[in-house]
Amino acid sequence: MPPEAEALAAPAELYATVIVAGQDFCIDIKQVRENRRWSPTTTLPHSPHYMMGTMNLRGEVIPIIDLAALFGFPNIEPTDRHVIVIIEHEEKIIGLAVEAVRRILSVTPDQIRDAPGAKRDTSTSCIRGLITTESGVIRIISVSDVVTAMEEVL
Amino acid sequence: MKAQVLAIDDSRTIRTLLAATLEEYDFEVTTAVDGVDGLEKFAETAPRVVITDINMPNLDGFGVIEGIRTGSINKTVPIIVLSTESGAELKDRARKAGATGWIVKPFDEASLVSVLKRITGI
Amino acid sequence: MAALDAIRATFFEECEDLIEALNEGLGEMADGDHGSETVNAVFRAVHSVKGGAGSFGLNDLVSFAHTFETVLDRIRSGDLEPADELIALLQRSGDVLADLVEAARDEIPFDAATVATTSEALEAVLGEDAAPEEEFVFDAVGADFDFDLPVLDGAGSGPATYMIAFAPHRDLYANGHEPLVLIGALADLGEVTVAADVSRLPAVDAFDWEESYLAWEITLVSTEPEGAVREVFEFVDGLCELEITVTEPEGGGDGPGSPDLPDLGDLGPDDMPGLPDLPDLSDASPAASMEVAADLPELPSLEDLPADKTDIPATSKNVSAKKTPEAAPAAAAKKEARPTLRVDVDRIDRLINTVGELIINQAMITQRVREIGVPLTPEIVTDLDDYRQLARDIQEGVMGLRTQPVKQLFQRMTRIARETADVAGKSAQLVIEGEETEVDKKVIEKLADPLTHMIRNSIDHGLEVPEKRRDAGKPEKGTVKLTACYKSGDVLIQIADDGAGLNRPRIRQIAVEKGLIPAEADLTDAEIDQLLFRPGFSTASSVTSLSGRGVGMDVVKTSIAALGGRISIASTPGEGSVFSILLPLTLAVLDGMVVRLGNETMVVPIASIEEAIRPHKDDLSQLGTARTLFANRGEYLPVIDLAERLGHPVRAKKLTKKTLLVIQSNGSRIALAVDGVVDKRQVVIKSLAKNYRHIAGISAATILGDGKVALIVDPDGIAEDPPAGAMRPGPDDVHPTEEKKDAA
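Those protein sequence lines, which keep their order, are chains G, L and A.
Just so you know, we're using the working numbering here: the first sequence kicks off at 66 and counts up by one.
Just so you know, we're using the working numbering here: the second sequence kicks off at -5 and counts up by one.
Just so you know, we're using the working numbering here: the third sequence kicks off at 181 and counts up by one.
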């Protein structure tokens, strides 16, 4: 992905924009470790439907979350073009399956608006803010809420 | 050449402490874990000064002093006794056994160095 | 002092060893060994803690250790008789000492009340003699000051003149003293003028170099108090004739001062008026330089003679033989002297991880090579085998780095046992065997809590009160045996008590009351025993402060399972109970059966598999609509479909097409249905919970040769899912009544 950072007023934070179910989302780049191509996962029993399974990341066994399913869209049909965004949160390493990673956004805090609506379900509770750009609204994914959702026991 | 010191104590803490302090004052320190080890190291290193604990397994500090003073090499080496007890009786015993001086544990850097200086002139 | 923090860390590391030695020694004393070497070792341990603690200003620790040590010293010298009560007090004191060390290390507060009580108890043992003990710590320098205090005042007003007459005995030299150094130390205090008295020097042919012939008259003009001057001679007290007279500086009219002054005049100007210091000394005292000269040829000549060097070790051996007549301590010293290396556990763990990767990499390469489909030359096959073997060797070696003896863990249990017995009013002894058995360090750490709980249980619930034991014809003192040994690649830890055995009717009754089993459930003894491990079961009919800390045996079982181990019970009424824990030697590898489950591959620990069978139609019987039983060796085993249990999409596949793994779990057996067995191999265990969470029925994950993750099945977890006991038929009761139990 080309790092064409949009020059906005400082102090800016960097976000990686990703496509989930055809829509724009973004993740704080400080929590992103790396991006990997999709590779087949191993099913995790007794897990929510948005848990795609687990895969081997250089010897570490990491869970993969289907963000589309988590946000209430249909489960993705993974292909080689899908990307796993590897994030790190409180010492846990987790993969987020997305359709694509687009670009890096530079955003100042005043550009971020609160997400509308109460925390009703995972499709909204995992969003911690909105960024309005020329091309539309981008939702900021709350990694900690995603991890909480992942740990939920059925 | 750095002056050699042989430090004999069964406590790893005290050995480390002695070595750290003395090395700071540019002594070269050899440590031994008990009396028998101490006498062996004494023969190997021919130290300028010996510092020894009293209560140790295998051979106590008095045994070390006796071993050195009745030996044939370097028998008048200054020997400093390291002890937690500061009783007059113990000092008397140490002196009679042939100790050159003593330091009461816990020792601080200053007293260790001052005793060394008083005994060796270094 | 440099790196004081590092030395502090060394101290606490050492304390662990010392406390271990202390407990060991006290244990031996409790067993009736009051030999001087044992008592001395105990004394030394406490003494070393005190010595080190003093260096770091850990005053609470020093003061407690001091009292403790004083009592031990009195036992050592034979003043005190180590009766049972006293030894019990010593053991309590050892516990307090350990607590104080821990508190100091973690910088947390300690239980001041317990420390005070124990301290008082120790002082009470010392009785009235405790008081002089305090006086034992006196300040030598301070004592010397006393009678010269007036001089201190005078010192403020100007320099005083000290006349020092110093005549060394021959012992002074023998003790390693050197007059030059002493005079040099005086020179540091002020202006020194020295005159040597060579009158006793004999003719050269009569000269004995070990004899002392010289004496000195030293004049010191110094502002230092007399105490400082006397301190110079502190170490030679009794090894010389020493006379120090002081003349006040401005007190010219003083009686004692006046006669001294002419003397000073006599000595000083005659020799070297303006240059009083050390160069003068050698000039002015030829005998002194002769002393040195006599010394000098001594050293080189000895260094030249290697034969002499062998003398010292010989001497040292003689001495050591004299001081320690028993052979045992010498052997112990040999053991201690074995060089060891302290390595940060993290570094070893990184190495273990890397080796784990190597094993996976090796498996992958082997698999890839096979997949290429080209015919393999014998060389490649051999090389691949060698690679595998070497990788395994490295792994084994590295794993060995992380193991340590269970000794320290076991010894901690001695304390737990003691405390429990005290509170529960039981008379108990803990017998330890196999403490040299080595287990992975991490296993040892995680074993502490379960083991503590089990020891408490054994004493609190297992052993009877003394009266009952007496009535039953048993010794009043109950015995709990804690043992460890290797058992075919695993480590077996057992806690055996000689108590009353499990009260099965009572256990059954509690389980019914708590709704864990239906009232009419027909359970075997083994099944009743297993109830102890059920969540929500508490053995104590009255919850005591000891065992009932909110942890039940279910927690113990979960902790053991988390370590890849298993726990079982055997109990005989009136004779006692044995709890057995079977643990893997190391956490990181497991011998597994690789099985197929639809498109998934999973691993079942081989340790839990009794056999793998393709079932015959006749051996399977249907029980209601959902349950199937498998007849195996005269027993009907419930069949559990692994895929179904794990919630995989159900595929219609006949059981006769599947493989049944007969699994031993919680004292019962089950038949686990899988699609097929692929391979048997050693797998590297990877935590699933680290990045995800625990999954019921799954203990961990591993990475197979193809780089894919495979989950490792937890057989106990799988078997447990439906209530245990409720669906276990005995051999004779495969009847529809079983269904009722299920429904209940």
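It should be emphasised that the hints constitute simulated quantities derived from the structure, not laboratory data.
Careful: at least some of the hints might be erroneous.
Pairs of lysine-lysine residues, derived as DSSO-like cross-links and limited to a Cα-Cα distance of at most 27 Å, are as follows [stated by the list, open to error]:
1. Lys(-4)(L) / Lys90(L)
2. Lys95(G) / Lys626(A)
3. Lys157(G) / Lys622(A)
4. Lys621(A) / Lys654(A)
5. Lys626(A) / Lys667(A)
6. Lys(-4)(L) / Lys35(L)
7. Lys69(L) / Lys90(L)
8. Lys157(G) / Lys621(A)
9. Lys833(A) / Lys157(G)
10. Lys35(L) / Lys69(L)
11. Lys870(A) / Lys157(G)
12. Lys888(A) / Lys157(G)
Notebook entry, point to check: Of the numbered hints stated previously, which ones are contradicted by the structure, given in increasing order?
Noted result: Going through the list in order, the structure violates hints 1, 2, 4 and 9 and respects the others.
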